[in-house]
Amino acid sequence: MNNKLLEISNLKTFFFVDDGQVPAVNGVDLYIYEEETLGVVGESGCGKSVTSLSVMGLLGHTPGRIVDGAIRFKGKDLLSLSEKEMREVRGNEIAMIFQEPMTSLNPVYTIGEQIGEAVKLHLKYDKKKTTEHVINMLKLVGIPRAEEIINEFPHQLSGGMRQRIMIAMAMSCNPTLLIADEPTTALDVTIQAQILELMKKLKKEKGTAIMLITHDLGVVAEMCDRVVVMYAGKVVEEAEVIEIFENPKHPYTKGLLNSIPKLGQKMNRLDSIPGNVPTPANMPVGCKFAPRCSQVMEICKEEDPDLMLVAKEHKCRCFLYQNEMAREAK
Amino acid sequence: MFRYIVRRLLGIVPTLLIVSIFIFLFVHMIPGDPARLVAGPDASYQDVELVRQELGLDKPLVSQYFTYISNLAQADLGTSMKTKRPVFDEIAARFMPTFWLTVWSMAWAIVFGLLIGVISATKRNKWQDYTGMFSAVSGISLPSFWLGLMLIQLFSVQLGWFPTGGNESWTGYILPSITLGAGVAAVIARFTRSSLMDILREDYIRTGRAKGLKENVVVWKHALKNAMIPVVTMTGLQFGFLLGGSIVVETVFSWPGLGRLLIDSVSFRDYPVIQAEMLLFALEFILINLIVDILYGVMNPQIRYE
Amino acid sequence: MENGTVIVQSEDQVIQHEAENVRTPLLEFWRKFKKQRMAMIASSFILLLFVVALIGPFIAPYSAVEPDYNNILSPPSMEHLAGTDAFGRDIFSRIIEGTRISLFVGLSSVFVGAVVGTVLGLISGFYGGRLDSIIMRFCDVLFAFPGILLAIGIIAILGPGLGNVIIAVAIFGIPTFARIVRSSTLAIKATVYVESARSIGAPAKRIIWKHIFPGTISSIIVYFTMRIGTSILTAASLSFLGLGAQPPSPEWGAMLSSGRDFLNTAPHVTFFPGLAIFITVLAFNLLGDGLRDALDPKMKD
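For the protein sequence lines, the chains are A, B and C, in the order given.
To convert, note that position 98 of the first sequence is 98 in the UniProt record's numbering; the numbers rise steadily by one, no gaps.
To convert, note that position 112 of the second sequence is 112 in the UniProt record's numbering; the numbers rise steadily by one, no gaps.
To convert, note that position 127 of the third sequence is 127 in the UniProt record's numbering; the numbers rise steadily by one, no gaps.
Excised from the complex, chain A in its bound form (with noise of 0.2 Å):
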């Protein structure tokens, strides 16, 4: 449980637009054990979308390139893999699934055709073998009558069914790292519940570590072993789940959390955080969080603080603790 079975050091994923270059990952720090579920969590446009695209080296149809750091997975550095070899990874050793599963399936083939070509290429089963194990992957995924649904279209289905597909189709070359971003976001809630359930079932049974990539602090609550918060492509805070709802550092995670309504707790209104997510144009120059952070000092606005341990197994990206291990170390 304690081997690093995908490792990420100062990844820095740029878009290069008309107007120049955008940092989308500007510097992310993060890695995940064999048979641990990460959440990955932040708003829309912090980068952990891009993050996921980044290791799974699907950036070359997008403006995006890795400008700079590594990403490590099971030992081999897998930038440094040509594309051929990086096709070998994708979807076999590393899966992924996506956050819309209404479009996230092509309209002219059949499931059994979608499934069963993931199938063929990387395990080499031959026809029959495939729709057996296809069936199988849908059975495994609680799909009812799966011998009738191979033979059908994905507009035949519903989004909760089209999810569960994109899950069996994803586990169905039994990977070791399943990279799932925003799996449930789409989904009506008792639907999501489902999923989720469906997803730890998965876990447990095959013991595939999940990166989960969430703005839903009750997923991750659910779901995750252990917790990255990212804010303006940077990880600002890191620590496992109970952790970071009972003791949380930063002053954003903070906000994150306040912004979730409790039951039996009387407020007025959501306490959310003040302010926009930076846009590239108008970034700060010290911590990129300073302009909405309420706890902001005068070295937040010049200097941009480093990702620090703060406690056992609990980094934080925020001045207010080197203060405090300043003072501690004194």
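If you are wondering where the hints come from, they were derived from the structure by calculation, not from laboratory data.
You may find that some hints are simply not true.
Covered stretches of chain B, going by a simulated chain C footprint (3 or more residues, C-beta under 8 Å) [to be verified]: (1) 122-129; (2) 222-229.
Here are some of the chain B residues that sit facing chain C, going by a computed Cβ distance under 10 Å [to be verified]: (3) L16; (4) V19; (5) M133; (6) W161; (7) F162; (8) T164; (9) Y271; (10) I291; (11) V292.
Mimicking DSSO-like on lysine-lysine, the simulated pairs with C-alpha atoms at most 27 Å apart in a straight line are [unchecked claim]: (12) K126/B x K34/C; (13) K74/A x K214/B; (14) K127/A x K221/B; (15) K221/B x K129/A; (16) K82/B x K84/A; (17) K12/A x K74/A; (18) K59/B x K84/A; (19) K123/B x K32/C; (20) K225/B x K120/A; (21) K221/B x K120/A; (22) K74/A x K124/A; (23) K123/B x K210/C; (24) K124/A x K84/B; (25) K59/B x K82/B; (26) K225/B x K128/A; (27) K221/B x K84/A; (28) K126/B x K128/A; (29) K205/C x K123/B; (30) K127/A x K59/B; (31) K123/B x K84/A; (32) K126/B x K35/C; (33) K32/C x K126/B; (34) K123/B x K12/A; (35) K4/A x K84/A; (36) K127/A x K123/B; (37) K126/B x K124/A; (38) K82/B x K76/A; (39) K120/A x K214/B; (40) K128/A x K214/B.
Please read all numbers here as calculations on a predicted model, not as lab measurements.
Backbone N, C-alpha and C fix where the C-beta goes; we use that ideal spot for every residue, glycine too.
With chain A held as given, fit chains B and C onto it using these hints.
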């Protein structure tokens, strides 16, 4: 699917009806006396009256129309004024050369159009794209009669590889079908490019790549099949322009087809033949559109399994 | 007096406001358009064509009609840049003369088609109902005759000649304009500002011309430009087939047609008029593409 086809079939009925009325009225729209026109300028007064009775031009328009339709149903298209033979025989003899010419041209156009379109879309904003799209806009702007004459000059007169005209051997098909297909290839290339570029932005393309599929498989299997749905519709429309274009190309290459028959008939004022040809071309075009509509349904599972 | 001043002021403001509204999209259009190098080159070339069309006879080195039997079918040389035809006429001079014809035929036929098509499309889209289905049926019928065939049919009725070619090509363009304008009309009709103008009780005619028509202009302009190329090509084809301009007219299609007989011995007689048609049509098509990308990126071929 069956209901879809039936609906499409019923959909063309009103168009057919109006087209037939228009073509029926064709002879009446020509300034002057239609009986005089059909009988010819040298006919005597008696002859003109005879023709008038023969063609039923003395009867009310509505009853004339029904006579026209019932004659059509019996494949009676009248008599050519030029050759005095039944128009049906004239047209039947010319049908196959034009048919094969259009089929060959379309085959070229689809192969090259798709190839250029796909390459341009996948190499977006690279030199391949610029070259492909510049050739395409040139293809659309090329006067086919000029292209045809230049090809004859180069390959037939200078190099002597192909005949300058006629369809006696298969080599005779090469230059005319290239000439006729060039414009259509260009339109297909442009349309394929824009359609494919839209599809390549879709989420399921990312899914395919995330599976570890080769880029070629993603493009040619997953993207192209979706991109083809609008391309097929547009290609069907191009068939119509091919039929129209064949008129010019057949004139350039002395092709014994329907197009040249039409031009000869227009110069000779052979109205029964013109009328029949207009009808034939319109019918063909409507039929092709119907086939394309059905093909659209076949390719699109959402309609197929309605 | 006081009242008057107030009104003048508010009118000023209104005018200023409108001017801003008009200028901004124009500037935005110019910003996008000037980035497209091919379209810029094409539009300069078209400008040049118009100049040639206007002052053609003054700059042409030779007469376009006077035969010169000492110089029959001579190949291109310094004296005759594009050679001479079967009557010894300088082909380059004839092409210059023909520019006027081609531009006139192209522009006038598209203009007539666009006006009729736009009015039909506006009526069809705005009023809907039975009027809409009648107009669209009519367009279907025109569409049922593929390509140039409709034009040939019309000429078969009217008789050959350049004037009839213009009419034929214009009719040929009506249904496409009608459909394009109709679909933008439907889209604009659904937007709020027309709704509000309607509820105030503005008469239908006013809504169409003040609110809907301006919204359709950009697609009309794009299509108008793209159509000019096609029309020049169609008109030249008809002349080539002997149905349009008749010799000795220096119309490009007719010139090309008359050179066919000398293809073996004097290919330049067909080559240069064809080249003129090609480049002219290409320029209009490139301009149309550029306008489309700058004005209406959603519009497809």
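Going through the hints against the structure:
Coverage of the region 122-129 of chain B by chain C is violated in this model, with 0 residues showing a Cβ closer than 8 Å to a Cβ of that chain against a need of three. Look at the region 222-229 of chain B against chain C: 0 of its residues bring a Cβ nearer than 8 Å to a Cβ of that chain, fewer than three, so the hint is violated. Using the Cβ-Cβ criterion of 10 Å, the hint placing L16/B at the interface with chain C is satisfied: the shortest such distance is roughly 9 Å. Annotation: interface hint on V19/B holds; nearest CB of chain C at approximately 5 Å, less than 10 Å.
Hint status for M133/B relative to chain C: holds, with the closest Cβ pair at about 9 Å, below 10 Å. Because the beta carbon of W161/B sits about 16 Å from the nearest beta carbon in chain C, more than 10 Å, this interface hint is broken. Taken as an interface hint, F162/B does not check out: its beta carbon lies about 14 Å from the nearest beta carbon of chain C, beyond 10 Å. For the restraint placing T164/B at the interface with chain C, the shortest Cβ-Cβ distance is roughly 8 Å, inside the 10 Å limit, so the hint holds.
Interface hint status for Y271/B: upheld, as the beta-carbon distance to the closest one in chain C is roughly 8 Å, under 10 Å. The interface hint given for I291/B is broken, as the beta carbon of that residue sits about 14 Å from the closest beta carbon of chain C, more than 10 Å. Below 10 Å, beta-carbon pairs count as interface contacts, and V292/B has none with chain C, the closest being about 13 Å; its hint is therefore violated. For the hint pairing K126/B with K34/C, the CA-to-CA distance comes to about 20 Å; that is within 27 Å, so the pair holds.
Annotation: proposed proximity of K74/A to K214/B holds, straight-line Cα distance about 23 Å (limit 27 Å). With a CA separation close to 18 Å, the supplied pair K127/A and K221/B stays within the 27 Å bound. Our distance criterion of 27 Å between C-alpha atoms is met by K221/B and K129/A, whose separation comes to about 22 Å. The straight-line distance between the Cα atoms of K82/B and K84/A is roughly 69 Å, outside the 27 Å bound, and the hint therefore fails.
For the given pair, K12/A sits about 21 Å from K74/A by alpha-carbon distance, which is consistent with the 27 Å threshold. Restraint check: the Cα-Cα separation between K59/B and K84/A comes to about 79 Å, which exceeds 27 Å; the hinted pair is violated. For the hint linking K123/B to K32/C, the alpha-carbon distance of about 22 Å falls within 27 Å, and the restraint holds. Distance hint between K225/B and K120/A is fulfilled; the C-alpha atoms sit about 20 Å from each other, no more than 27 Å.
The suggested pairing of K221/B with K120/A holds, with an alpha-carbon distance near 15 Å, which does not exceed 27 Å. For the proposed pair K74/A and K124/A, the alpha carbon gap of about 22 Å is at most 27 Å, so the pair holds. Simply put, K123/B and K210/C have alpha-carbon atoms about 44 Å apart, too far for the 27 Å limit, and the pair is violated. Among the hinted pairs, K124/A with K84/B is inconsistent with the structure: their alpha-carbon atoms are about 71 Å apart, more than 27 Å.
Proposed proximity of K59/B and K82/B is supported: the alpha carbons are some 26 Å apart, at most 27 Å. Among the hinted pairs, K225/B with K128/A is consistent with the structure: their alpha-carbon atoms are about 25 Å apart, no more than 27 Å. Taken as a hint, the K221/B and K84/A pair is honoured in the structure, with Cα atoms around 19 Å apart against an allowance of 27 Å. In summary, the hint linking K126/B to K128/A is not supported, as the alpha carbons are separated by about 43 Å, beyond the 27 Å threshold.
With a CA separation close to 49 Å, the supplied pair K205/C and K123/B exceeds the 27 Å bound. Restraint check: the Cα-Cα separation between K127/A and K59/B comes to about 71 Å, which exceeds 27 Å; the hinted pair is violated. For the hint linking K123/B to K84/A, the alpha-carbon distance of about 19 Å falls within 27 Å, and the restraint holds. As the CA atoms of K126/B and K35/C are separated by approximately 17 Å, the hinted pair is consistent with the 27 Å bound.
Between K32/C and K126/B the alpha-carbon distance is near 20 Å, which keeps this suggested pair within the 27 Å criterion. Restraint check for K123/B and K12/A: the C-alpha separation of about 26 Å stays at or below 27 Å, so the hint holds. Between K4/A and K84/A, the direct Cα distance comes to roughly 25 Å. Compliance with the 27 Å bound is thereby established for this hinted pair. For the proposed pair K127/A and K123/B, the alpha carbon gap of about 34 Å is over 27 Å, so the pair is violated.
With a C-alpha separation of about 36 Å, the suggested pairing of K126/B with K124/A is violated against the 27 Å cut-off. Pair hint K82/B plus K76/A does not hold up; C-alpha atoms about 84 Å apart against a cutoff of 27 Å. Straight-line distance between C-alpha atoms of K120/A and K214/B comes to about 13 Å, which keeps the hinted pair within the 27 Å bound. Taking the CA atoms of K128/A and K214/B, the gap is near 23 Å; set against the 27 Å cutoff, the hint holds.
Of the numbered hints stated above, those contradicted by the structure are hints 1, 2, 6, 7, 10, 11, 16, 18, 23, 24, 28, 29, 30, 36, 37, 38, listed in ascending order.
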